[in-house]
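Spelled out from the first residue to the last, the chains are:
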Amino acid sequence: MRIRVSHQTAYRYDTPASRVIQILRMTPRPHDGQHIVRWRIDVSADCRLTTQEDAFGNITHAFSDDLPTDHLEMLVEGEVDTQDTGGVVRGTIERFPPSLYLRETALTRADPPIRDFARAVADTAADGPLPLLHALVQAVHAEVLFDTDPTHPATTASEAFSLRRGVCQDLSHIFIAAARSLGIPSRYIGGYFWRSDGVTAQDAGHAWVESFVPDLGWVAFDPTHAMCATDAHVRVATGLDYLGAAPVRGTRFGGAGESLAVTVHVEQAAQQVQS
Amino acid sequence: MADCFDEMRGANGEIRPAYAGLDAWLRDLEPDILEQRRQEAELLFRRIGITFAVYGEADSTERLIPFDVIPRILGAAEWDLLRRGLTQRVKAINLYLKDIYGRREILKAGLIPEDLVFQNQVFRPEMNAQKVPHDVYVHIAGIDIVRVDAKTFYVLEDNARTPSGVSYMLENREIMMRLFPDLFSRYRVAPVENYPDELLATLKSVAPDTAAADPTVVLLTPGIYNSAYFEHSFLADKLGIELVEGRDLLVKGGVVYMRTTEGPKRVDVIYRRVDDDFLDPLAFRPDSTLGVPGLMSAYQAGQVTLANAVGTGIADDKAIYSYMPEILRFYLGEEPILQNVPTWRCRDPDDLAYVLDHLPELVVKEVHGSGGYGMLVGPMADKGRIAAFRTRIEADPKNYIAQPTLALSTCPTWVERGVAPRHIDLRPFVLTGRDAVRIVPGGLTRVALQRGSLVVNSSQGGGTKDTWVLDT
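Each protein sequence line maps, in turn, to chains H and G.
If you're matching positions, the first sequence starts at 1 in the numbering used here and goes up one per residue.
If you're matching positions, the second sequence starts at 1 in the numbering used here and goes up one per residue.
Bound-form chain H, shown alone (with noise of 0.2 angstroms):
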C-alpha cells in the first residue's frame, strides 16, 4: 500500500522565546516491509538542519533558532510503500544484540501489578513466546481502555497501568514492561498509522512495539489494536522507550505561553500510473 502522510506542528508563544533548540527523529528508513518513496521535513526556522543517526540507528534532525521568535512549525511530508508481512520486521538496522532490549527505564520499569499481569497472561497462553506475545497484545488492549484524557508523555507503565487508561503509548510502554518482565527483549516504534474507516485526520502519530522471537526475529505488535503490524504502520523511530522514539525532543529559552498544535494526516495516496 502506498501511504502519505504529512504531520504539521505548530508551537505558538504567548510572549516570543529567545532561543529554540529541538531534535527530531521524523525520518523513516526502509526495511523489508517498507520502501521511502520520497519524504521531506521543512523547519520555519531560519537555520541548518544538521542530520545525525542515533544510537539505535535512527535519523535525527538538530536545530537551533537564536531569533526571537513567537512561533515555529514543521512539516513533515512524504510517500512510504509498504508490504503486509504478518509483523515480522526485516531489514532494519540493528546495533544491539536483543538482550540490551531488556533493560528497564524508567517509563516502563514492571511494578508489581504489572508484573503480576504478565505473569497471569503468560499462565495461560499457550506455549513459547509467539502465542504468548500474541495472548499479551489482546490482554493488554482488553485490560487498559483507550482514551486520551489522563495521561500525557511522561507518563509511567505503572501510573498508565494503575489507572487502566492511556493511548498508543501507554499501552506500549504498558506492552514493553510486561514483556521484559516475562524476558521478552522488546522496543518501542514511533511512527504513522493508516486507518480503514476513512479517517485520515489525527490528533498525532502512532505508537506499538516491537519483540524479539528467536527463530524469526523482531515482531510488531500493536497493542491499541490488538493486532499485530500490517502495512497499514509506518514505521519511523525506535527506542528504548517513548523518550528514545520521540518525534520532537526539544528545550525553548523564554517563550511563555507555550501553546501545540499538531495535525497528522495520513491517507492511502492514489496509485499514480506509470506511462
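It is worth saying that the hints were derived from the structure and are not from the lab.
These numbers were taken from a predicted model, which means no experiment stands behind them.
The beta carbon of each residue, even a glycine, is placed where N, CA and C say it ideally should be.
Careful, some of the hints might be misleading.
[As the list claims (entries may be wrong)] Which chain H residues stay away from chain G? Per the calculated CB distances, all over 10 angstroms, these: (1) 22; (2) 40; (3) 54; (4) 60; (5) 64; (6) 120; (7) 127; (8) 225; (9) 228; (10) 250; (11) 264.
[To be verified] From chain G, some residues computed to sit far from chain H (all C-beta separations above 10 angstroms): (12) 6; (13) 65; (14) 114; (15) 185; (16) 223; (17) 226; (18) 250; (19) 351; (20) 419.
[Stated by the list, open to error] These stretches of chain G come out as covered by chain H in the derived footprint (C-beta under 8 angstroms, 3 or more residues): (21) 207–214; (22) 268–280.
Keeping the supplied structure of chain H fixed, place chain G upon it in accordance with the hints.
Just chain G now, kept in the frame of chain H:
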C-alpha cells in the same frame, strides 16, 4: 586489630624505615602540640571553606571532613609499585571502554557476560560506535587502594566517572606545610601542588581537532547544591578556567559556546562534574536542568571533548569489577600488577550459596550502590541486619557481590586520647591524556576515625590525611 598491618610498625611492631623520622618527631613532641595543631587545622579549613554535604541525613547541612594531622607515608619503592600498577590498570580500562563501545571483542571472547553490559544502566547506547578524541575515555580516574600487608595492595574500586577528593589532597598538603614546617625539614616529600598543571595539560591534550591551538577548557558543575561544589570551584580556580553551570553554555550549529560579557565563546573541552544522566535533557533525563540541551549532538559530531567521556560507568561498575583481572590480561597480555580483592558474584549460584553461608564474615555490596550506602559489613553487623540483608540478596542476587572482610592497614592517627592506629585507604588520581599518563605522587588517604571501623567514606564519618611519597 592486632592482626593488621600497621603502616608505621609493620606486622611485628618494628618501626618501618619510612616512618623513622615521624616516629622520632612524635616522641620529641610536647604533649599538647598535636591537639593544638588539630584545632588550628580545623580553623584553617573552616576559613577556606572546605565542607561537604552528607546525603541521607535529616539535617543535611554542610560539615567539615575531619583532618588528621599525622601524615601517611609511602616509600619510593612502594610508590613505584603503585604507580606502575595504576598506569597499567587505567590503560586497560581505556582499551576496554573503546572495545565495549566499538567492536566488543571481549564479549565475543565470552570473558564478560553480555547481560552485565547491555542490561546495565551505566552502559550508554548513545556511546556505541562513537569516536572520542585519541581514544581516551577516562581522563581522570580515582582508583581506591587498600593494603593488607607489606607487599599486597588491592584495588578496591575503580572510580572512572566523576571521582572527587583531589581538592583534599591539595589542601591537606598546604595545611600540613603551614602547621609542621619542621617535620617537612626532616623528609624529602614529593610535591603534589603541580596537580592542577598536570590536569590542565591533560585536558588540553585531548581537545578535538577543530579546537584552536590553545583550547578553551571549562569546568561544568551541577551547582552550589552539589556535595562537591567546593571542589569544583577550587579546581576551576587552580586551573585558571571558567566554572560554568549548564545555563552558561549553549549549543549552536553543533558547536558548544560559553556565554560571556563579550559574546559567545567557543568551548573545546568540558571537564564535567555532572553525571551522565543530567548532561543533556535532549538525550538523557528530560527533566534535568543541570545540563546543556544539545550537548550530546555536539559531542557526537566531535566538536567538543567531555572529560570523562559519557558511559565510563561500565568500567567501574561493581558488577564489572570482578572481571578486571581478565580485562587486564585480555587487552594488555600482562598479569595485573595490583590485585583485585577476591570477589564472589552472587549472580553465580555457587558463589551465592557460599555468600549466604558466610554472611557474618563477609562484606556484601550492592552492585549499584556507592559511598558506603547499601553495604553489609558482616563482622560488625547484628543478627537482625544480617537477616535483613539475606532477604535482600535472595530477592535479587544479581545486585550483590561479596568480599572477605579485609584487615585494612592502619596508620597512627590523632584521636581523643592520643595517637592510635586507625584503618586507612588511598585514592590516587590517575590522569590520562593524548600523550601521557600522569600521576601526582600520593593521593587522598582516607581514615576511619571510629576505632575498629573499616568504612573510610567521608559520608560515613571518615577523615583524611596528608599522603607523603618519599623521594628516596
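Evaluation of the provided hints:
{"no.": "1", "hint": "22", "in the structure": "violated (8 angstroms)"}
{"no.": "2", "hint": "40", "in the structure": "holds (21 angstroms)"}
{"no.": "3", "hint": "54", "in the structure": "violated (7 angstroms)"}
{"no.": "4", "hint": "60", "in the structure": "violated (8 angstroms)"}
{"no.": "5", "hint": "64", "in the structure": "violated (5 angstroms)"}
{"no.": "6", "hint": "120", "in the structure": "holds (21 angstroms)"}
{"no.": "7", "hint": "127", "in the structure": "holds (24 angstroms)"}
{"no.": "8", "hint": "225", "in the structure": "holds (28 angstroms)"}
{"no.": "9", "hint": "228", "in the structure": "holds (26 angstroms)"}
{"no.": "10", "hint": "250", "in the structure": "violated (7 angstroms)"}
{"no.": "11", "hint": "264", "in the structure": "holds (22 angstroms)"}
{"no.": "12", "hint": "6", "in the structure": "holds (46 angstroms)"}
{"no.": "13", "hint": "65", "in the structure": "holds (33 angstroms)"}
{"no.": "14", "hint": "114", "in the structure": "violated (6 angstroms)"}
{"no.": "15", "hint": "185", "in the structure": "holds (57 angstroms)"}
{"no.": "16", "hint": "223", "in the structure": "holds (18 angstroms)"}
{"no.": "17", "hint": "226", "in the structure": "holds (21 angstroms)"}
{"no.": "18", "hint": "250", "in the structure": "violated (7 angstroms)"}
{"no.": "19", "hint": "351", "in the structure": "holds (22 angstroms)"}
{"no.": "20", "hint": "419", "in the structure": "holds (51 angstroms)"}
{"no.": "21", "hint": "207–214", "in the structure": "violated (count 0)"}
{"no.": "22", "hint": "268–280", "in the structure": "violated (count 0)"}
Hint compliance for this structure: hints 1, 3, 4, 5, 10, 14, 18, 21, 22 are broken, all remaining hints hold.
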